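There are 6 protein chains.
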Amino acid sequence: MSKNERVFYIGRFQPYHNGHQSVLLDIGKEADEIVIGIGSAQLSHEPDNPFTAGERVLMITRALKELVCPFYVIPIEDIKRNALWVTHVRSMSPPFDLVHSGNPLVVRLFKEAGIAVHSPAMYERDTHSGTEIRSRMVTGRSWQDLVPPEVYQVIMELDGERRVRALAEDDGAGCRI
Amino acid sequence: MSKNERVFYIGRFQPYHNGHQSVLLDIGKEADEIVIGIGSAQLSHEPDNPFTAGERVLMITRALKELVCPFYVIPIEDIKRNALWVTHVRSMSPPFDLVHSGNPLVVRLFKEAGIAVHSPAMYERDTHSGTEIRSRMVTGRSWQDLVPPEVYQVIMELDGERRVRALAEDDGAGCRI
Amino acid sequence: MSKNERVFYIGRFQPYHNGHQSVLLDIGKEADEIVIGIGSAQLSHEPDNPFTAGERVLMITRALKELVCPFYVIPIEDIKRNALWVTHVRSMSPPFDLVHSGNPLVVRLFKEAGIAVHSPAMYERDTHSGTEIRSRMVTGRSWQDLVPPEVYQVIMELDGERRVRALAEDDGAGCRI
Amino acid sequence: MSKNERVFYIGRFQPYHNGHQSVLLDIGKEADEIVIGIGSAQLSHEPDNPFTAGERVLMITRALKELVCPFYVIPIEDIKRNALWVTHVRSMSPPFDLVHSGNPLVVRLFKEAGIAVHSPAMYERDTHSGTEIRSRMVTGRSWQDLVPPEVYQVIMELDGERRVRALAEDDGAGCRI
Amino acid sequence: MSKNERVFYIGRFQPYHNGHQSVLLDIGKEADEIVIGIGSAQLSHEPDNPFTAGERVLMITRALKELVCPFYVIPIEDIKRNALWVTHVRSMSPPFDLVHSGNPLVVRLFKEAGIAVHSPAMYERDTHSGTEIRSRMVTGRSWQDLVPPEVYQVIMELDGERRVRALAEDDGAGCRI
Amino acid sequence: MSKNERVFYIGRFQPYHNGHQSVLLDIGKEADEIVIGIGSAQLSHEPDNPFTAGERVLMITRALKELVCPFYVIPIEDIKRNALWVTHVRSMSPPFDLVHSGNPLVVRLFKEAGIAVHSPAMYERDTHSGTEIRSRMVTGRSWQDLVPPEVYQVIMELDGERRVRALAEDDGAGCRI
Numbered sequence: 000m001s002k003n004e005r006v007f008y009i010g011r012f013q014p015y016h017n018g019h020q021s022v023l024l025d026i027g028k029e030a031d032e033i034v035i036g037i038g039s040a041q042l043s044h045e046p047d048n049p050f051t052a053g054e055r056v057l058m059i060t061r062a063l064k065e066l067v068c069p070f071y072v073i074p075i076e077d078i079k080r081n082a083l084w085v086t087h088v089r090s091m092s093p094p095f096d097l098v099h100s101g102n103p104l105v106v107r108l109f110k111e112a113g114i115a116v117h118s119p120a121m122y123e124r125d126t127h128s129g130t131e132i133r134s135r136m137v138t139g140r141s142w143q144d145l146v147p148p149e150v151y152q153v154i155m156e157l158d159g160e161r162r163v164r165a166l167a168e169d170d171g172a173g174c175r176i
Numbered sequence: 000m001s002k003n004e005r006v007f008y009i010g011r012f013q014p015y016h017n018g019h020q021s022v023l024l025d026i027g028k029e030a031d032e033i034v035i036g037i038g039s040a041q042l043s044h045e046p047d048n049p050f051t052a053g054e055r056v057l058m059i060t061r062a063l064k065e066l067v068c069p070f071y072v073i074p075i076e077d078i079k080r081n082a083l084w085v086t087h088v089r090s091m092s093p094p095f096d097l098v099h100s101g102n103p104l105v106v107r108l109f110k111e112a113g114i115a116v117h118s119p120a121m122y123e124r125d126t127h128s129g130t131e132i133r134s135r136m137v138t139g140r141s142w143q144d145l146v147p148p149e150v151y152q153v154i155m156e157l158d159g160e161r162r163v164r165a166l167a168e169d170d171g172a173g174c175r176i
Numbered sequence: 000m001s002k003n004e005r006v007f008y009i010g011r012f013q014p015y016h017n018g019h020q021s022v023l024l025d026i027g028k029e030a031d032e033i034v035i036g037i038g039s040a041q042l043s044h045e046p047d048n049p050f051t052a053g054e055r056v057l058m059i060t061r062a063l064k065e066l067v068c069p070f071y072v073i074p075i076e077d078i079k080r081n082a083l084w085v086t087h088v089r090s091m092s093p094p095f096d097l098v099h100s101g102n103p104l105v106v107r108l109f110k111e112a113g114i115a116v117h118s119p120a121m122y123e124r125d126t127h128s129g130t131e132i133r134s135r136m137v138t139g140r141s142w143q144d145l146v147p148p149e150v151y152q153v154i155m156e157l158d159g160e161r162r163v164r165a166l167a168e169d170d171g172a173g174c175r176i
Numbered sequence: 000m001s002k003n004e005r006v007f008y009i010g011r012f013q014p015y016h017n018g019h020q021s022v023l024l025d026i027g028k029e030a031d032e033i034v035i036g037i038g039s040a041q042l043s044h045e046p047d048n049p050f051t052a053g054e055r056v057l058m059i060t061r062a063l064k065e066l067v068c069p070f071y072v073i074p075i076e077d078i079k080r081n082a083l084w085v086t087h088v089r090s091m092s093p094p095f096d097l098v099h100s101g102n103p104l105v106v107r108l109f110k111e112a113g114i115a116v117h118s119p120a121m122y123e124r125d126t127h128s129g130t131e132i133r134s135r136m137v138t139g140r141s142w143q144d145l146v147p148p149e150v151y152q153v154i155m156e157l158d159g160e161r162r163v164r165a166l167a168e169d170d171g172a173g174c175r176i
Numbered sequence: 000m001s002k003n004e005r006v007f008y009i010g011r012f013q014p015y016h017n018g019h020q021s022v023l024l025d026i027g028k029e030a031d032e033i034v035i036g037i038g039s040a041q042l043s044h045e046p047d048n049p050f051t052a053g054e055r056v057l058m059i060t061r062a063l064k065e066l067v068c069p070f071y072v073i074p075i076e077d078i079k080r081n082a083l084w085v086t087h088v089r090s091m092s093p094p095f096d097l098v099h100s101g102n103p104l105v106v107r108l109f110k111e112a113g114i115a116v117h118s119p120a121m122y123e124r125d126t127h128s129g130t131e132i133r134s135r136m137v138t139g140r141s142w143q144d145l146v147p148p149e150v151y152q153v154i155m156e157l158d159g160e161r162r163v164r165a166l167a168e169d170d171g172a173g174c175r176i
Numbered sequence: 000m001s002k003n004e005r006v007f008y009i010g011r012f013q014p015y016h017n018g019h020q021s022v023l024l025d026i027g028k029e030a031d032e033i034v035i036g037i038g039s040a041q042l043s044h045e046p047d048n049p050f051t052a053g054e055r056v057l058m059i060t061r062a063l064k065e066l067v068c069p070f071y072v073i074p075i076e077d078i079k080r081n082a083l084w085v086t087h088v089r090s091m092s093p094p095f096d097l098v099h100s101g102n103p104l105v106v107r108l109f110k111e112a113g114i115a116v117h118s119p120a121m122y123e124r125d126t127h128s129g130t131e132i133r134s135r136m137v138t139g140r141s142w143q144d145l146v147p148p149e150v151y152q153v154i155m156e157l158d159g160e161r162r163v164r165a166l167a168e169d170d171g172a173g174c175r176i
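Residue numbers (numbering that gives the first Met the number 0), protein chains in the order written: chain A, 0 to 176; chain B, 0 to 176; chain C, 0 to 176; chain D, 0 to 176; chain E, 0 to 176; chain F, 0 to 176.
Quick caveat, the hints were computed from the structure, so don't treat them as lab data. There could be a bad hint or two in this list.
Treat identical chains as interchangeable: a pair holds within one or across any two.
Stated by the list, open to error - BS3-like cross-link-like pairs, simulated, lysine-lysine; straight-line CA separation at most 27 Å: (1) Lys28 with Lys110; (2) Lys79 with Lys110; (3) Lys79 with Lys64.
Small disclaimer: the values here were computed from a predicted structure and weren't measured.
Turn these sequences into a full structure, and let the hints steer you where they fit.
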């Protein structure tokens with residue numbers, strides 16, 4: 000990655016955690032600007048997607064407040080048609096030159112569209128941290144060390160731990176919504 | 000629950016059974032009016048959702064024909080965005096003061112919206128009865144005792160047992176629809 | 000129309016008025032049961048569609064409380080594909096034998112589907128009453144005489160006149176929503 | 000346009016008429032293969048869109064039965080997001096090298112996507128023929144000369160003239176569907 | 000099945016293989032015309048649905064180029080409401096007299112709609128061939144013998160094997176799209 | 000409006016112009032933070048909605064780069080159900096205390112939801128500026144003075160004037176898309 004570029008990075012950020020933070024701080028050292036896409040923006044109040052897009056915007060913006068590199072935070076609703084997803088993302092985002100992603104599907108779709116992709120080595124661990132954090136919330140173990148302090152505060156303010164726990168009780172046998 | 004209230008109760012009613020009937024007869028002793036929401040109204044002809052909304056309206060209305068308390072039966076299509084679901088339900092229903100539900104997700108969403116919720120103790124068994132009834136239909140065991148007689152008649156009239164059995168044959172390997 | 004039939008009648012009921020009431024009282028003299036479909040159920044807070052489906056359910060149910068003939072009130076969301084609309088309606092409604100409608104498109108679609116349709120002579124005036132009532136609400140003229148007294152009361156309770164007036168101020172130049 | 004190319008052509012074909020036929024016969028002299036997209040495939044039974052996608056497939060295929068150049072007829076549902084439309088079309092169609100269109104929006108969207116477009120001079124008249132034919136059907140004037148004989152036969156078989164006339168009676172004051 | 004009929008056949012064709020080819024060649028001996036519906040047309044770039052509708056149109060058309068019986072290839076997007084699916088399919092297809100399917104859900108839905116269905120004995124093996132082919136692509140085993148030579152060529156041209164392999168790497172832990 | 004508040008402001012920004020800029024600079028003097036919602040985010044390449052959400056994000060962010068008050072720019076897709084719109088907006092945005100809007104529909108919907116609204120006097124002129132700017136682009140008159148210099152530069156870079164002109168040529172007689 001050379002200087003003078005706008006870089007696109009996407010995640011679900013359920014919640015935003017230290018793995019995301021570490022990747023974005025690294026990208027910020029090289030990029031001119033960063034576009035942070037919030038995937039599955041329309042989902043919330045599900046066991047795997049507890050937080051709304053607005054809550055995730057807040058977590059990210061606060062955690063990155065010291066980042067020198069300018070960044071955009073863009074909620075991206077699912078389109079459920081993989082062939083259209085790259086075009087959908089591009090229509091919602093300022094133009095970008097490079098995608099930073101380790102997600103195999105994201106990588107494949109951008110590459111088929113002829114867009115440059117940089118794949119970090121540490122991807123897998125990051126992904127699993129979201130699952131780990133939600134699992135700790137449900138079982139009452141400590142998760143504070145896995146997220147930036149600003150994210151911890153946001154989740155406390157919106158009583159997020161209790162929400163995650165309540166969502167986990169749902170056994171799926173009742174109402175689809 | 001005090002008198003002079005309109006109470007909201009929601010289920011998928013696949014099919015409507017004695018557990019639902021018992022809860023609604025109880026609610027009817029206290030409430031002024033009941034709104035019965037039919038969840039996942041758009042679904043039918045699936046192994047877990049064999050009956051159309053219209054068929055479920057018929058089952059409920061006939062089974063409750065002796066209920067003194069006035070009631071509304073409202074099909075509610077899924078909206079697939081939990082953050083909007085309560086507002087969606089309220090736009091489709093006459094205004095209500097109290098929600099009667101044991102479903103953890105339903106309880107959580109109404110509480111976050113500041114609406115009073117009453118949770119019965121017997122919820123879990125009721126939910127599982129739908130699964131039990133469909134399973135008995137597939138395997139040819141008797142299920143007549145688990146539903147009000149009017150519901151049994153409706154299902155017989157529309158040849159529902161055969162439909163449930165046919166849907167169970169689908170192994171999901173073929174066409175999505 | 001012979002006895003022993005379930006009759007389907009649909010309108011947008013924005014609001015429910017004396018024209019609808021008169022047609023339904025007439026149908027009630029002949030039919031065994033009536034299914035009243037609330038069209039465009041998902042729309043509200045628009046100049047031509049001010050009331051939610053739930054509010055319209057309330058108007059209709061209260062205005063028809065003396066009707067001896069049993070009736071169902073079913074919100075029907077638009078499907079925006081005319082070729083599917085009849086099938087959509089039938090999946091949301093208990094089965095019916097006869098459609099009562101003067102709307103040319105509704106008549107055409109049910110006839111193409113092989114369903115019997117009865118077209119009243121007085122249709123056109125009824126349709127236009129909704130427009131007339133909303134227009135009177137906007138300009139502050141009296142509209143109370145055009146609706147059943149129960150409907151007047153419902154609209155007063157939900158401050159509907161003020162809502163209709165506020166919606167009329169929108170010049171369409173601003174936000175689509 | 001050089002030889003050895005697959006050419007894409009799109010219309011709503013409500014109905015398919017001599018203008019379309021003339022353009023396609025011309026394209027067929029030069030192209031290797033033609034992809035004919037049926038736009039707004041999901042619409043039918045509307046005054047401006049009376050025929051289903053399936054009926055339009057039938058018209059086109061029969062009218063072009065003598066065409067030597069191989070062709071594909073592909074229904075394309077609207078996506079209602081212009082920024083995604085070209086990608087949507089491409090996902091539904093075999094790959095093509097050239098678009099043949101005189102519609103300014105279609106031309107613009109394909110050009111922004113970097114796809115070659117050939118614009119015929121006679122576009123405007125063709126577009127207006129659909130309107131003219133539907134108008135003649137409504138008012139009972141002769142329209143047979145404006146369409147290929149196979150299209151006339153298809154429309155007669157499905158009683159299309161009567162449908163167009165019935166749809167024209169709708170004044171839009173009644174149910175949205 | 001008697002002569003002089005248009006027969007409907009649907010599959011997902013991910014990819015089109017020898018099982019499909021064999022069934023269609025058999026149907027072609029009896030039918031006047033065949034309508035081949037491509038199910039889940041909107042899906043692609045998923046492990047179980049790697050190819051776009053357009054790519055599948057190409058596979059089928061090329062593989063059937065020697066078929067004497069005229070045929071239509073129609074992409075059919077999912078409608079996700081089983082009660083509407085038959086009507087949806089019929090609106091997208093030229094009218095047909097007979098459905099040829101072994102899929103239990105497809106059979107059930109067409110039968111409930113009063114449409115004749117012919118169920119072949121060899122259905123199950125065909126369905127599983129798609130899974131087998133995709134699995135062989137992922138693990139690098141030979142699959143060329145399971146598809147018509149034209150299909151093999153199409154998949155080679157669009158580098159489909161690599162796409163299927165890339166999609167298989169996705170563990171579902173990352174972005175929904 | 001007192002200090003220590005997050006203020007929500009929404010527009011379509013087609014394009015962002017001096018009227019918007021003036022309102023936002025004023026809000027910035029009082030608010031702690033501003034959330035700027037981009038309405039109809041999914042629309043672009045239409046005569047009245049020429050620019051994508053991403054392009055509008057770029058215009059706004061650049062034009063406000065000197066604003067001291069922190070702000071969020073959030074694309075908001077239409078939901079087409081006015082009763083759900085406020086809840087939809089809130090799920091996409093960080094929580095806010097006050098809405099700043101002169102649009103009568105927006106004001107009405109937030110007030111019905113119990114959210115404080117401040118209505119500026121200068122609203123109408125601002126709305127009409129977008130129309131005026133697009134009209135000048137089509138007819139080749141100067142519009143540079145009506146937008147912040149950063150917006151002029153963005154539109155020049157993406158050749159926006161030519162796009163607006165091309166979209167205006169569409170007479171609506173051709174393809175819906």
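Hints and how they fare:
1. Taking the closest pair of Cα atoms, Lys28 and Lys110 come within 27 Å of each other only inside a single copy of the chain (24 Å); across copies the shortest separation is 36 Å, beyond that limit.
2. Taking the shortest alpha-carbon separations for Lys79 and Lys110, both the intra-copy value of 19 Å and the inter-copy value of 26 Å come in at or below 27 Å.
3. Proximity of Lys79 and Lys64 under a CA criterion of 27 Å is satisfied in neither setting, with 32 Å inside one chain copy and 33 Å between copies.
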